[in-house]
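Just so you know, the sequences run in chain order A and B.
Numbered according to the working numbering, the first sequence spans residues 1 to 304.
Numbered according to the working numbering, the second sequence spans residues 1 to 432.
Be aware that one or more of the hints could be misleading.
Stated by the list, open to error - On the chain B side, residues computed to face chain A include the following (Cβ under 7 Å):
(1) Gly30
(2) Met35
(3) Val111
(4) Gly112
(5) Leu142
(6) Glu385
(7) Gly392
(8) Val393
What the hints assert, rightly or not - Far from chain B, some chain A residues (derived; all Cβ distances over 12 Å):
(9) Leu139
(10) Ser150
(11) Met152
(12) Arg173
(13) Gly177
(14) Leu296
Quick caveat, the hints were computed from the structure, so don't treat them as lab data.
For every residue, glycine included, the Cβ atom is placed at its ideal position computed from N, Cα and C.
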Amino acid sequence: MEYALQQLVNGLTLGMIYGLVAIGYTMVYGIIGMINFAHGDIFMVGAFSSLIALLGLGMLGITFVPLALVLVLVIAMAIAALYGFTNERIAYRPLRGSFRLAPLISAIGMSIFLQNFVQVTQGARPKPIEPVIRGGLLLASANGFNAVLSWMQILIICTTLLALVVFTLIVARTPLGRAMRACEQDRRMASLLGIDTDRTIALTFVIGASLAAVAGFMYLLYYGVIDFYMGFVAGIKAFTAAVLGGIGSLPGAVLGGLLIGMIETFWSAYFSVQYKDVAAFSVLILVLLFMPSGLLGRDEVEKV
Amino acid sequence: MAPAAARPPAFASLAAALKDAGLAALVAFGCAAPMMGLRTVQGQGGLTLVPRFDTVAIAVAGVFVGRLLLHLWQHRRGAIRFNLPRVPGAGRAVGPAFAVLALVLPFIPGVGRYEVDLGILVLTYVMLGWGLNIVVGLAGLLDLGYVAFYAVGAYTYALSAQHLGFGLWQALPLSGLMAGIAGILLGFPVLRLRGDYLAIVTLAFGEIIRIVLLNWTSVTGGPNGLSGIPRPTLFGLNFSAGGGPGSFADFFGLEPAAIHRIIYLYYIILVLALATNWLTIRLRRMPVGRAWEAMREDEIACRSLGLNITMTKLTAFAIGATLAGLAGAFFATRQAFISPESFTFIESALIVAIVVLGGLGSQLGVAIAALVMIGGFEVFRDLDEFRMLVFGVVMVGIMVSRPRGLVGERMPTVVLRERKGIDAALVKEGAG
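Please build the complete structure, drawing on both the sequences and the hints.
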């Protein structure tokens, strides 16, 4: 029982990270109908930016942990946002209106580029860091097994919830959010009504990338080790989460992320660690097979 | 914040171009400064940062100059368009010329072991490209897990050689069959998916196959792979380097040499590739081939006209997969060793890139693209870690500047009276 509780906590934490990345996929898919294949690598860039910022602040002598973490988060979000923006400008904007597979292939090229760019500039070896926050709350204890909710997990869950609240407010209350929703419904009509669609799409990428950076930051703190290749598998899983929740739906992305996190954690805990990725990928195939519009998605109407 | 987003770009003056290039350089600085400028290095007391601002300066300057040149060039040309020079009738001669060159390649003076080996590699990718072309180019189904079928073929041969004592020629049909079955197995669940969803599911399928190969140690040998895969024989004659009775060199009274086996391998893959090409050309004229192309252009219209979409998609997947399986068996016999490392997503991406660069559906284009890509990889072999970096840039660059590939023009399969090419600008995918 305690073991299961511990897995639940771990799955929840992992799910939060996937959920944040999944939002980036679902937003971009909603607004321009393409899978931003490089989004997983933006997540990786976010994690590396966090690492560099953390080390940089350490060298500058800022060791007060809460301040350092906030600064690292802001820096990582800014850098990843810049990457997201550049990515859209270079690889996707020129292809708007091209045939449907063109942006996807361009995105795969971008993903390969980003991975190898980081490999060349930062080295291929995994980067380990010391845990920044230790300790936690004891939830339950039995037969010598302690179910622990660590401070780190609390931090991750709270940061994710905060990011989600801010993000939801942006989408629901601001003019930018209104423009985004308008573009999602009908891009041509939105541009006829005076919305700068190119700018809205660019900002969508910027927001998606900064959320991915939040996820990358937390991944770095939680697992304590990152490498240049981490974005590929994490990206596919987050995409699975977005599909599971119903692509285009923001609460769906978070819900899907939580489910994928749980499935992966419980699968590793009770069946086999080697096949945990197979579990996530099989979920993707099964969902698309039996429930193509996901849990909270709308049915896609086929227009002739 | 955004570098002036006018499209098409019309810069009134040099000042505007300078300003835009400056903004681009600023963005480049923001991207490059942390990633390139500060390298994380494993020191004694954990990770430390090592600054390298000279590379950042070079990168930023490069972006500035590049952006400026791009503007000046666009100002003169209007838009980026790379039009290959057109020579009427040349297109018809290029294909046979390549085929003849490929046939005589091992006997051209000055062509040694290295060149023939490279030829084998290129032809393997030509065959994979042509096989995938059926799925992506003709049927319009983007398959990002194509390498999985290649792996199925390779492992089928390796395992049947290990457990049943099969040689290449006995295992070849079996490899094709197994890969074809895998293709149908994948085909069934993804029948209802289209476009991007299909691409991601095929990718997931490819990864599943690779993870299974990696972890099913008792059968596949796990990360260590399978070795000692038998080399091919010619009607029972082996190509052992030492010669001796029953060997090719002994039978024909030649001096035993390693090059014989390589040339033999070269002709095997050449025949396989040409057979793939022949099959594709024949299939395009058959009802199923026409159904593929019709489905690529408009799936809904096909369904309305009573075409069996299920069968059409499944045959495309099955035939494409079978061809990959045959290529996989060849790969196994050439390497004599296979491991899951040869069947990663990057391989699939490379094959897709070859098909797309070749112009989605053009046989000749795919062959040229394979030659350019694999040859290019070989030329830049020394720049090991930069190779994939450049590959990514090239992939984006090609899509942005020439999304229809090298040979974007299409020849209609069915015509009334006169055969006219369809210009690349007019070719578009329906459902994708």
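Now for the hints, and whether the structure bears them out:
Look at Gly30 of chain B: its Cβ gets to within about 5 Å of chain A, closer than 7 Å, so that hint holds up. Because the smallest distance between the Cβ of Met35 of chain B and any Cβ of chain A comes to about 5 Å, under 7 Å, the interface hint for this residue holds. Below 7 Å, beta-carbon pairs count as interface contacts, and Val111 of chain B has none with chain A, the closest being about 32 Å; its hint is therefore violated. For Gly112 of chain B, the interface hint is violated, the least distance from its beta-carbon to any beta-carbon of chain A being 32 Å, above 7 Å.
At a threshold of 7 Å, the smallest CB-CB gap from Leu142 of chain B to chain A is about 5 Å, leaving the interface hint in force. The interface hint given for Glu385 of chain B is met, as the beta carbon of that residue sits about 5 Å from the closest beta carbon of chain A, less than 7 Å. Of the supplied interface hints, the one on Gly392 of chain B holds, with its beta-carbon coming within about 3 Å of a beta-carbon of chain A, less than 7 Å. The criterion of a C-beta within 7 Å of any C-beta in chain A is met by Val393 of chain B, whose closest approach is roughly 6 Å, and the hint holds.
Against the 12 Å criterion, Leu139 of chain A stays outside the reach of chain B, whose nearest CB is about 31 Å from its own CB. Every CB of chain B is more than 12 Å from the CB of Ser150 of chain A (nearest about 21 Å), matching its label as outside the interface. No beta-carbon of chain B comes within 12 Å of the beta-carbon of Met152 of chain A; the shortest separation is about 18 Å. Distance check for Arg173 of chain A against chain B: the nearest CB is about 22 Å away, which clears 12 Å, and the non-interface claim stands.
Annotated as non-interface, Gly177 of chain A keeps its C-beta farther than 12 Å from every C-beta of chain B; the closest such distance is 18 Å. The claim that Leu296 of chain A lies off the interface holds: its Cβ sits roughly 17 Å from the closest Cβ of chain B, which is beyond the 12 Å cut-off.
Consistency with the previously given hints fails for numbers 3 and 4, ordered from lowest to highest.
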